[in-house]
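Model the full structure from these sequences, guided by the hints.
So the sequence shown is numbered by the working numbering: it starts at 4 and just counts up by one.
Check before you lean on any hint, since a few could be wrong.
[What the hints assert, rightly or not] With a straight-line Cα cutoff of 25 Å, these simulated DSS-like cross-link-like pairs (lysine-lysine) come out:
(1) K46 with K16
(2) K235 with K195
(3) K46 with K77
(4) K195 with K165
(5) K77 with K187
(6) K47 with K12
(7) K105 with K77
(8) K43 with K72
(9) K105 with K47
(10) K157 with K105
(11) K105 with K62
(12) K77 with K16
(13) K12 with K43
(14) K165 with K230
(15) K190 with K230
(16) K72 with K47
(17) K202 with K230
[Said to hold, decoys possible] The following label-pair restraints were derived from C-beta to C-beta distances:
(18) R30 with P241: 46 to 56 Å
(19) A150 with E33: 20 to 30 Å
(20) V239 with A150: 22 to 32 Å
Honestly, the hints are just simulated from the structure, not real lab data. For clarity, every value in this text was computed on a predicted model and none was experimentally measured. Where a beta carbon is used, it is the ideal one built from N, C-alpha and C, also for glycine.
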Amino acid sequence: MIPWIEMCKVLSKPIVCGQEGSIDLQRQIEICEYLIEMFKDSKKNDEYRKRCINSGIAKALLNIFENWKLEDIKESHSDVFLNITLTNNEIKQLLFNLDPFKGLLNLLNHSNSNIQQNGLVSIFNIQLGGSNTTSDSEIHPYFDSLASVGGIEKIYEFMNRKNTTQYRQDFSDITIGYFYKARKIEKVEMRKVVIKHLKSIVQDKDNSRGSRAIRTLRYLAQSSDNKEEIEKDGFVIPQ
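So, in structure tokens, the structure goes:
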């Protein structure tokens, strides 16, 4: 028997200063590593992900991201949550119902760049549960949830940091574009920067994110204002 409820209780316990807190934190890390190992079982991993949600483990991790000091959040915490998001649309929608964006956005300000990336990719993976289940001409059903916590601006700021990597810049740009599916990017400067960068990703033949960028541009082109920006300098979205 897998002790789902017991693991949730440990992950839900606030970490205090001193030796007791160190022991509790170590137990949390061990649980996270145990869960990550479980997800390697391809025959049962989606069942395990659903159990993580139903038992409260996923919500406990989001509470950590939302309420703990950043320096107390460990890479194992973000690794296991990212693993939960690597799933089908049904489970992604269950994750969205947990109001995940505020906590995941906090991870973008962590000093550990791997934790930053785990937060960003988790947001992208969860939003796929909305974009994959609506037509290209429909607005993203999760847009308001992200926008209500300043998520668009926070991801845009993360994208434009001087010390970011090409991967994180590209992934941030694509994530913003997905959320603006069939919706005008209202801020003119953001519209120019996001679309210009997407076009550069498409034109980089060695970039595996090119196909994502093409889809993102197609989403954005549903808005006439975005389309006008996309088509500047004679640019045509590749088929």
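Does the alpha-carbon distance linking K12 and K43 stay inside the 25 Å limit? Between K12 and K43 the Cα gap is close to 23 Å, so the pair holds against 25 Å.
Is the Cα-Cα distance between K72 and K47 25 Å or less? violated, 34 Å
Satisfaction of hint between K12 and K47, Cα-Cα up to 25 Å: holds, 23 Å
Is the straight-line distance between the alpha-carbon of K195 and that of K165 25 Å or less? Satisfied, since the Cα-Cα distance of roughly 18 Å is no more than 25 Å.
Pair hint outcome, K157 versus K105 [Cα-Cα no greater than 25 Å]: OK: K157 and K105 at ~10 Å, within 25 Å.
Regarding the pair K105 and K77, is the alpha-carbon distance no greater than 25 Å? Holds, because 17 Å separates the two Cα atoms, which is no more than 25 Å.
Is it true that the CA of K165 sits at most 25 Å from the CA of K230? violated, 28 Å
Could you grab the alpha-carbon distance between K190 and K230 and see if it respects the 25 Å cut-off? With Cα atoms ~15 Å apart, K190 and K230 stay inside 25 Å; holds.
Distance restraint hint 20 to 30 Å, applied to the beta-carbon atoms of A150 and E33: violated, 37 Å
Has the given pair, K77 with K187, been kept, meaning a C-alpha gap of at most 25 Å? violated, 37 Å
Honestly, do V239 and A150 meet the 22 to 32 Å range at C-beta? Hint holds: Cβ distance 30 Å, inside 22 to 32 Å.
Is the straight-line distance between the alpha-carbon of K46 and that of K77 25 Å or less? violated, 28 Å
Hint compliance for this structure: hints 1, 3, 5, 8, 9, 14, 16, 19 are broken, all remaining hints hold.
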